[in-house]
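Engineer: Take a look at the letters that make up each chain.
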Amino acid sequence: MKRSLSSPRGLSLFALPAMAMVLVPVIAVVLRTNWSSFLTSISTDTSRTALMLSLRTSLLTTSLALIFGTPLAWVLAKREFKLKSLLRALCILPMVLPPVVGGVALLYAFGRRGVVGAALNDWFGWQLAFTQTAAVLAQFFVAAPFFILVMEAAFGQVDQRVVGTARTFGAGPWRTFVTVTLGLVRPSLVAALVLTWARALGEFGATIAFAGNTEGRTQTVPLAVFSQLESGDDSALALSMLMMIVSLGVLVALRGKWISALRRGF
Amino acid sequence: MSLAMYCRLKRTKFVLDVELSLTPGRVLAITGENGSGKSSTIDMIAGLLACTTGKILLNGEVLDDSTTNQFVQPEMRGVSTVFQGGGLFSHMTVEKNILFGRGAEFKNTPKFNAAVEQFNLVGLLTRKPSTLSGGQRQRVALARAFLSPSEILLLDEPTSSLDAVSRDEVRRAMKGFFETYKGVVILVSHDAVEVAQIATDVTNIKVTRGETTTAKLTA
Numbered sequence: 001m002k003r004s005l006s007s008p009r010g011l012s013l014f015a016l017p018a019m020a021m022v023l024v025p026v027i028a029v030v031l032r033t034n035w036s037s038f039l040t041s042i043s044t045d046t047s048r049t050a051l052m053l054s055l056r057t058s059l060l061t062t063s064l065a066l067i068f069g070t071p072l073a074w075v076l077a078k079r080e081f082k083l084k085s086l087l088r089a090l091c092i093l094p095m096v097l098p099p100v101v102g103g104v105a106l107l108y109a110f111g112r113r114g115v116v117g118a119a120l121n122d123w124f125g126w127q128l129a130f131t132q133t134a135a136v137l138a139q140f141f142v143a144a145p146f147f148i149l150v151m152e153a154a155f156g157q158v159d160q161r162v163v164g165t166a167r168t169f170g171a172g173p174w175r176t177f178v179t180v181t182l183g184l185v186r187p188s189l190v191a192a193l194v195l196t197w198a199r200a201l202g203e204f205g206a207t208i209a210f211a212g213n214t215e216g217r218t219q220t221v222p223l224a225v226f227s228q229l230e231s232g233d234d235s236a237l238a239l240s241m242l243m244m245i246v247s248l249g250v251l252v253a254l255r256g257k258w259i260s261a262l263r264r265g266f
Numbered sequence: 001m002s003l004a005m006y007c008r009l010k011r012t013k014f015v016l017d018v019e020l021s022l023t024p025g026r027v028l029a030i031t032g033e034n035g036s037g038k039s040s041t042i043d044m045i046a047g048l049l050a051c052t053t054g055k056i057l058l059n060g061e062v063l064d065d066s067t068t069n070q071f072v073q074p075e076m077r078g079v080s081t082v083f084q085g086g087g088l089f090s091h092m093t094v095e096k097n098i099l100f101g102r103g104a105e106f107k108n109t110p111k112f113n114a115a116v117e118q119f120n121l122v123g124l125l126t127r128k129p130s131t132l133s134g135g136q137r138q139r140v141a142l143a144r145a146f147l148s149p150s151e152i153l154l155l156d157e158p159t160s161s162l163d164a165v166s167r168d169e170v171r172r173a174m175k176g177f178f179e180t181y182k183g184v185v186i187l188v189s190h191d192a193v194e195v196a197q198i199a200t201d202v203t204n205i206k207v208t209r210g211e212t213t214t215a216k217l218t219a
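Protein chains in written order, with the working numbering: chain A, 1 to 266; chain B, 1 to 219.
No wet-lab data here; the hints were simulated from the structure. Cβ atoms here follow ideal geometry from the backbone N, Cα and C, with glycine treated the same way. Hints may contain errors.
Stated by the list, open to error - List time: in silico DSS-like cross-link candidates among lysine-lysine, alpha-carbon distance up to 30 Å:
(1) B/K128 - B/K107
(2) B/K55 - A/K78
(3) B/K96 - B/K107
(4) B/K107 - B/K10
(5) B/K96 - B/K182
(6) B/K55 - B/K107
(7) B/K10 - B/K96
(8) B/K55 - B/K182
(9) A/K78 - B/K111
(10) A/K82 - B/K107
(11) B/K111 - B/K55
(12) B/K107 - A/K78
(13) B/K175 - B/K111
(14) B/K128 - B/K111
(15) B/K55 - A/K84
(16) B/K10 - A/K78
(17) B/K96 - B/K111
(18) B/K128 - B/K96
Unchecked claim - For each label pair, taking beta carbons as the anchor points, the in silico distance ranges come out as:
(19) B/S161 - A/P17: 18 to 28 Å
(20) B/T67 - A/R255: 50 to 60 Å
(21) A/F68 - B/T67: 13 to 23 Å
(22) B/F71 - A/L87: 40 to 50 Å
(23) A/V100 - B/S160: 15 to 25 Å
(24) B/T93 - A/G156: 22 to 32 Å
(25) A/F68 - B/T109: 51 to 61 Å
(26) B/R11 - A/L87: 58 to 68 Å
(27) B/T52 - A/F68: 29 to 39 Å
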């Protein structure tokens, strides 16, 4: 007899199916990846172009989230105004929306005949849909809510007394924001950036609807995986493996930080 | 130099009236029950809260005036603060914390070295606040206030979260600090011993009829 507090007998057994559902596909990809040709597969022209494009667009998306998402998260956390909860709900809507629906929405907003897109086309001759800019916008639409949610929770946690202390010691509102508030939320900021980048990197649905799947122009890695899978190309597996390695790297780097950041927000 | 305050703060659940007039060299203790408005009084003087009606004057100059709509921002008021728990910047080292109001170039000046000595911070300068004990944190907060040029020193329950040993240690540090301080000191405390040891004047914020609280003092 083990000398410890008893727990519901057999409950752990029922954890196995869920574990298997997640683990088996991952193991399958690892087992079926042809490791001897792995490097060649991920360095074909198509794969390399897709990788570079994914890297460039996802980093751009993450920078945009940092520049514009930070003020929005601060407003949601610190300002009181009418319809704030509605604004917050709209900001995180893309998290629960099917990404392809987001792509359709972007098309009707910024497409050639979209609500804003028509005006941009008429006035400046700009066409956003099916360009790299569209790929970035699609990623931003889907990934930025993660950044906003984590950062709103982080700003909400900042002790106003500490911020007030900085003001009394001679720091103006901007210096206080940059050196104290942003310094205090730095761990969450790093988590939010990595999470946003990972989500942007994996974006598929909104991108294919709004930016299309043109090799060398808008074909990011997930889209390349999809195309290669359809044509029975081995590279699909190699690229999938690569994405898994990157995602695992992200999780290891964060070590559950974003989960605690999210938990604080609710 | 003098601080004068005739303020009313209105909130949904309570009204706080404060009348204060202080001259330098005095240490005013504000006592009172929880929720009576002690911290709000400190916040109004520091500029973290505006009076609903009334005014605050420092040396005859307006800091806050509801009739003329003047409000001097906290960074322009010449106050320094020591809050419960220290109000330290947890992402900065002890050294960066105590130099916050002065800038890095103030490091190793005679006053800086004196502060490190006086508040017993030798060996702690490169540490982060999270690695310090409660008493050490409060000494860092005191050193930061000591180094910043100010005419009003506001302390909000600086020892209330400490154990008996660190409390004595921080009180000694405070006493030494006040002896040389040239401005007005206001200490919020609910510890009668501390008030008796340190303060020269006491005002008690009374809660009457459960909603209006008043503080009056001239020193």
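Engineer: Taking the hints in turn, state whether each one holds.
Structural biologist: So, going through the hints one by one against the coordinates:
{"no.": "1", "hint": "B/K128 - B/K107", "verdict": "17 Å, holds"}
{"no.": "2", "hint": "B/K55 - A/K78", "verdict": "27 Å, holds"}
{"no.": "3", "hint": "B/K96 - B/K107", "verdict": "10 Å, holds"}
{"no.": "4", "hint": "B/K107 - B/K10", "verdict": "43 Å, violated"}
{"no.": "5", "hint": "B/K96 - B/K182", "verdict": "25 Å, holds"}
{"no.": "6", "hint": "B/K55 - B/K107", "verdict": "37 Å, violated"}
{"no.": "7", "hint": "B/K10 - B/K96", "verdict": "37 Å, violated"}
{"no.": "8", "hint": "B/K55 - B/K182", "verdict": "23 Å, holds"}
{"no.": "9", "hint": "A/K78 - B/K111", "verdict": "38 Å, violated"}
{"no.": "10", "hint": "A/K82 - B/K107", "verdict": "47 Å, violated"}
{"no.": "11", "hint": "B/K111 - B/K55", "verdict": "34 Å, violated"}
{"no.": "12", "hint": "B/K107 - A/K78", "verdict": "35 Å, violated"}
{"no.": "13", "hint": "B/K175 - B/K111", "verdict": "18 Å, holds"}
{"no.": "14", "hint": "B/K128 - B/K111", "verdict": "22 Å, holds"}
{"no.": "15", "hint": "B/K55 - A/K84", "verdict": "33 Å, violated"}
{"no.": "16", "hint": "B/K10 - A/K78", "verdict": "21 Å, holds"}
{"no.": "17", "hint": "B/K96 - B/K111", "verdict": "15 Å, holds"}
{"no.": "18", "hint": "B/K128 - B/K96", "verdict": "10 Å, holds"}
{"no.": "19", "hint": "B/S161 - A/P17: 18 to 28 Å", "verdict": "49 Å, violated"}
{"no.": "20", "hint": "B/T67 - A/R255: 50 to 60 Å", "verdict": "56 Å, holds"}
{"no.": "21", "hint": "A/F68 - B/T67: 13 to 23 Å", "verdict": "41 Å, violated"}
{"no.": "22", "hint": "B/F71 - A/L87: 40 to 50 Å", "verdict": "29 Å, violated"}
{"no.": "23", "hint": "A/V100 - B/S160: 15 to 25 Å", "verdict": "57 Å, violated"}
{"no.": "24", "hint": "B/T93 - A/G156: 22 to 32 Å", "verdict": "26 Å, holds"}
{"no.": "25", "hint": "A/F68 - B/T109: 51 to 61 Å", "verdict": "42 Å, violated"}
{"no.": "26", "hint": "B/R11 - A/L87: 58 to 68 Å", "verdict": "27 Å, violated"}
{"no.": "27", "hint": "B/T52 - A/F68: 29 to 39 Å", "verdict": "36 Å, holds"}
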